[in-house]
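Sequences and hints are given; from them, build the entire structure.
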Amino acid sequence: MRHEPAARIIHKESWNDFHLLRLGSPILAEEAAPGRFLMVRTSDGFDPLLRRPISLHDAGSGWVEIFFRVAGRGTALLAEKKKGESVDCLGPLGNGYRLDGFGKKKTAWLVGGGRGIAPLFFLGRVLLAAGARVRVFYGGKTAAEIPLVDKFERAGLTAAISTDDGTAGFAGFVTALVERELQDGKPDGLFVCGPDPMMERLGRLAFERGLPAQLSLEAIMGCGFGACWGCVHKIKKDDAGKWRKICEDGPVFSAGEILWEEA
Amino acid sequence: MADLGVDLGFLKLRNPVLTASGTFGYGTEFLPFLDLAALGGIVVKGLYYGPREGNPPPRLVETASGLINAIGLQGVGVEHFVADVLPELRKHDTAVIVNVCGSTEEEYHQVIEFLDRHEGIAAYELNISCPNVKLNGACPAMDPWTTKTIVAEAKRRSRRPLIAKLTPNVTSIADIARAAEDGGADGVSLINTLLAMAVDLETRRPKLGNVLGGLSGPAIKPVALRMTYQVAQAVRIPVIGMGGICTGRDALEFMLVGAAAVQVGTASFVEPEAAVRIAREIGEYCDAHGLARASDIVGTLKTGR
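Residue numbers (the working numbering), protein chains in the order written: chain A, 76 to 338; chain B, 541 to 845.
None of these hints come from the bench; they were simulated from the model. Bear in mind the structure is a predicted one, so any value in this text is a computation, not a measurement. Misleading hints may appear alongside valid ones.
[As the list claims (entries may be wrong)] Straight-line alpha carbon distances no greater than 25 angstroms define the calculated SDA-like cross-link-like pairs of lysine to any residue that follow:
no.: 1; chain 1: A; residue 1: K317; chain 2: B; residue 2: V751
no.: 2; chain 1: A; residue 1: K309; chain 2: B; residue 2: K631
no.: 3; chain 1: A; residue 1: K309; chain 2: B; residue 2: S643
no.: 4; chain 1: A; residue 1: K317; chain 2: B; residue 2: G590
no.: 5; chain 1: A; residue 1: K311; chain 2: B; residue 2: V616
no.: 6; chain 1: B; residue 1: K631; chain 2: A; residue 2: M76
no.: 7; chain 1: A; residue 1: K317; chain 2: B; residue 2: K631
no.: 8; chain 1: A; residue 1: K309; chain 2: B; residue 2: G617
no.: 9; chain 1: A; residue 1: K317; chain 2: B; residue 2: R592
no.: 10; chain 1: B; residue 1: K761; chain 2: B; residue 2: I837
no.: 11; chain 1: A; residue 1: K309; chain 2: B; residue 2: P596
no.: 12; chain 1: A; residue 1: K317; chain 2: B; residue 2: G617
no.: 13; chain 1: B; residue 1: K747; chain 2: A; residue 2: M76
no.: 14; chain 1: A; residue 1: K309; chain 2: B; residue 2: D624
no.: 15; chain 1: A; residue 1: K216; chain 2: B; residue 2: E742
no.: 16; chain 1: A; residue 1: K312; chain 2: B; residue 2: D624
no.: 17; chain 1: B; residue 1: K747; chain 2: A; residue 2: T217
no.: 18; chain 1: B; residue 1: K761; chain 2: A; residue 2: K309
no.: 19; chain 1: B; residue 1: K747; chain 2: A; residue 2: V145
no.: 20; chain 1: A; residue 1: K312; chain 2: B; residue 2: L752
no.: 21; chain 1: A; residue 1: K309; chain 2: B; residue 2: L752
no.: 22; chain 1: A; residue 1: K309; chain 2: B; residue 2: V616
no.: 23; chain 1: A; residue 1: K311; chain 2: B; residue 2: G617
no.: 24; chain 1: A; residue 1: K157; chain 2: A; residue 2: A243
no.: 25; chain 1: B; residue 1: K747; chain 2: A; residue 2: H86
no.: 26; chain 1: A; residue 1: K311; chain 2: B; residue 2: D624
no.: 27; chain 1: A; residue 1: K312; chain 2: B; residue 2: V625
no.: 28; chain 1: A; residue 1: K317; chain 2: B; residue 2: P746
no.: 29; chain 1: A; residue 1: K309; chain 2: B; residue 2: P591
no.: 30; chain 1: A; residue 1: K312; chain 2: B; residue 2: E619
no.: 31; chain 1: A; residue 1: K216; chain 2: B; residue 2: D740
no.: 32; chain 1: A; residue 1: K312; chain 2: B; residue 2: G749
[Stated by the list, open to error] Here are some, though not all, of the chain B residues that point toward chain A, as calculated from beta-carbon distances under 7 angstroms:
no.: 33; residue: E569
no.: 34; residue: R599
no.: 35; residue: I611
no.: 36; residue: A692
Cβ atoms here follow ideal geometry from the backbone N, Cα and C, with glycine treated the same way.
Okay, structure coming up:
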């Protein structure tokens with residue numbers, strides 16, 4: 076974890092409310108891993124006050140990428156940043172997806188909903204490079220809200236898409252699409268990131284079917300590095316549910332350890 | 541370079557900048573970002589005797605230049621702190637102040653008696669003011685008599701200096717500060733968070749799991765400054781000011797109205813090195829204004845004509 080006060084934007088793409096920033100920063104790139112995140116400052120002052128947690132979308136030699144959707148004033152300010160400007164980031168933070176054993180002949184299904192697709196591009200690339208067979212399920216409300224389909228294709232990651240309104244791909248929630256595909260065979264692992272209801276549904280499903288699944292949880296975070304205790308979720312620990320910090324103990328948890336009732 | 545040292549009488553600090561409890565974890569979380577020895581000291585997250593689970597989420601809401609929290613003092617308890625955290629903190633040359641919590645008066649005593657048996661702690665900050673703990677945000681520091689009694693009983697049992705941390709959620713904070721002084725407090729620190737809430741107009745639900753929370757950040761600075769001024773007028777013991785301090789100039793404003801030292805809180809979440817930067821900026825101000833000692837500015841506010 077490092078503080079990069081001025082990561083320069085070296086590339087930017089935008090699709091309506093969705094934005095991708097490539098940040099030149101060797102120190103952020105050094106510890107980048109799929110599922111880890113950055114705390115990104117959206118203003119030079121203290122309003123908006125808090126940094127925004129944004130997961131790593133990809134990383135390479137000397138750079139990292141973030142992909143986010145404008146959800147409020149903070150992300151709107153971040154979206155206004157232009158190529159050549161710089162962004163103040165802390166990170167990479169948290170524990171990413173655990174990939175041990177996901178090499179040749181293993182099948183991984185990656186399921187992303189909305190902006191939750193962000194970390195799955197990085198994950199998919201790493202899994203492909205390790206020799207795993209990767210299927211991507213990418214859901215959005217409508218055709219305009221799944222902007223990364225082409226990018227996945229170009230990287231050799233074919234995405235089965237779903238839209239809630241049926242304007243592209245499978246009509247319905249991505250969870251329903253995954254459930255349908257599960258009838259024809261199970262993967263060795265499920266990797267999920269999306270809104271809470273989607274993750275709860277897939278987490279429960281995976282747990283019931285004995286399918287190993289890793290879910291990346293999201294929360295409002297005060298600091299991102301374990302100091303404020305603001306971003307907790309109920310996690311099973313010694314057979315009891317405990318409030319654990321998403322930033323420090325997660326954000327990726329296995330489906331079996333996440334308790335949803337009291338979340 | 542100006543002398544930034546502060547003598548609180550009961551404790552000497554390298555500079556006037558402490559970190560506020562609840563915003564600096566147990567200190568070790570910040571080791572990747574700063575040298576603890578560059579701080580006046582740290583006040584670690586409030587400790588109850590045992591581990592504590594805290595409130596259900598959501599625990600945070602961002603507001604205009606502010607943050608409402610309802611963490612509920614989730615924490616590790618004194619045994620874990622002494623076994624696993626304190627040895628790490630002792631490697632660093634900084635004053636460690638422990639924020640002491642209790643859900644009963646006895647628990648305050650248990651925490652103090654336990655910590656008194658261990659070295660490496662400079663002082664206690666008695667948390668009689670956390671608004672999240674009891675129903676409707678009530679806390680001992682809302683009442684002068686309770687404040688005096690709790691402070692006196694804690695002080696009697698403690699071998700270390702005791703700072704009483706005050707709540708702003710009262711009619712007259714000066715009265716509470718005087719009660720803490722009467723009870724034997726070595727100093728007072730203020731302000732804790734302002735009792736607050738936020739609601740969602742679409743779901744018609746509170747935005748915090750605990751419904752009520754405590755507001756901090758730059759939004760509360762003018763209120764905190766006013767209260768620090770009032771308390772500094774009312775007591776003879778050292779006053780430690782806090783509330784929305786983000787810059788060296790913010791810190792110096794609190795010193796100008798009478799704070800001997802300051803605490804940096806929410807700013808550390810946004811910028812983990814904030815407290816160190818603020819100490820440096822205090823020095824820069826002093827140098828630019830020909831002040832030999834930072835403490836020379838304490839209580840020099842000119843209010844007459």
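Against the structure, the hints come out as follows:
1. With a C-alpha separation of about 20 angstroms, the suggested pairing of K317(A) with V751(B) holds against the 25 angstroms cut-off.
2. Simply put, K309(A) and K631(B) have alpha-carbon atoms about 34 angstroms apart, too far for the 25 angstroms limit, and the pair is violated.
3. Straight-line distance between C-alpha atoms of K309(A) and S643(B) comes to about 23 angstroms, which keeps the hinted pair within the 25 angstroms bound.
4. The straight-line distance between the Cα atoms of K317(A) and G590(B) is roughly 15 angstroms, inside the 25 angstroms bound, and the hint therefore holds.
5. Only pairs whose Cα atoms come within 25 angstroms are accepted, and K311(A) paired with V616(B) is accepted, the gap being roughly 17 angstroms.
6. A C-alpha spacing of about 21 angstroms is found between K631(B) and M76(A), which places the hinted pair at or below 25 angstroms, so the restraint holds.
7. Simply put, K317(A) and K631(B) have alpha-carbon atoms about 31 angstroms apart, too far for the 25 angstroms limit, and the pair is violated.
8. A distance of roughly 19 angstroms separates the Cα atoms of K309(A) and G617(B); the hinted pair therefore holds under the 25 angstroms criterion.
9. Using a Cα cut-off of 25 angstroms, the hinted pair K317(A) and R592(B) holds, with the two alpha carbons roughly 10 angstroms apart.
10. Taking the CA atoms of K761(B) and I837(B), the gap is about 19 angstroms. The hint holds against a cut of 25 angstroms.
11. At most 25 angstroms may separate the alpha-carbon atoms for a hinted pair to count; K309(A) and P596(B) meet this at roughly 9 angstroms.
12. With a C-alpha separation of about 15 angstroms, the suggested pair K317(A) and G617(B) falls inside the 25 angstroms cut-off, and the hint holds.
13. The hinted pair formed by K747(B) and M76(A) fails the criterion: a straight-line CA distance of about 30 angstroms is larger than 25 angstroms.
14. Between the alpha carbons of K309(A) and D624(B) the distance comes to roughly 24 angstroms, so the proposed pair stays at or under 25 angstroms and holds.
15. This hinted pair checks out: K216(A) and E742(B) have alpha carbons roughly 20 angstroms apart, not beyond 25 angstroms.
16. The suggested pairing of K312(A) with D624(B) holds, with an alpha-carbon distance near 20 angstroms, which does not exceed 25 angstroms.
17. Simply put, K747(B) and T217(A) have alpha-carbon atoms about 28 angstroms apart, too far for the 25 angstroms limit, and the pair is violated.
18. For the suggested pair K761(B) and K309(A), the alpha carbons sit about 34 angstroms apart, so the restraint of at most 25 angstroms is broken.
19. A C-alpha spacing of about 20 angstroms is found between K747(B) and V145(A), which places the hinted pair at or below 25 angstroms, so the restraint holds.
20. For a cut-off of 25 angstroms, the pair hint linking K312(A) to L752(B) is broken: about 28 angstroms separates their Cα positions.
21. Between K309(A) and L752(B) the CA atoms are separated by roughly 21 angstroms; this keeps the pair inside 25 angstroms, and the hint holds.
22. For the hint linking K309(A) to V616(B), the alpha-carbon distance of about 16 angstroms falls within 25 angstroms, and the restraint holds.
23. Taking the CA atoms of K311(A) and G617(B), the gap is about 20 angstroms. The hint holds against a cut of 25 angstroms.
24. Restraint check for K157(A) and A243(A): the C-alpha separation of about 31 angstroms exceeds 25 angstroms, so the hint is violated.
25. Between K747(B) and H86(A) the CA atoms are separated by roughly 36 angstroms; this puts the pair beyond 25 angstroms, and the hint is violated.
26. Only pairs whose Cα atoms come within 25 angstroms are accepted, and K311(A) paired with D624(B) is accepted, the gap being roughly 23 angstroms.
27. Only pairs whose Cα atoms come within 25 angstroms are accepted, and K312(A) paired with V625(B) is accepted, the gap being roughly 21 angstroms.
28. For the hint pairing K317(A) with P746(B), the CA-to-CA distance comes to about 23 angstroms; that is within 25 angstroms, so the pair holds.
29. Annotation: proposed proximity of K309(A) to P591(B) holds, straight-line Cα distance about 16 angstroms (limit 25 angstroms).
30. About 20 angstroms separates the Cα atoms of K312(A) and E619(B), which keeps this hinted pair within 25 angstroms; it holds.
31. For the suggested pair K216(A) and D740(B), the alpha carbons sit about 23 angstroms apart, so the restraint of at most 25 angstroms is met.
32. For the suggested pair K312(A) and G749(B), the alpha carbons sit about 22 angstroms apart, so the restraint of at most 25 angstroms is met.
33. Hint status for E569(B) relative to chain A: holds, with the closest Cβ pair at about 4 angstroms, below 7 angstroms.
34. Checking R599(B) against chain A by beta carbon gives a least distance of about 5 angstroms; that is within 7 angstroms, so the hint holds.
35. Checking I611(B) against chain A: minimum C-beta separation of about 5 angstroms stays under 7 angstroms; hint holds.
36. Interface hint status for A692(B): violated, as the beta-carbon distance to the closest one in chain A is roughly 31 angstroms, over 7 angstroms.
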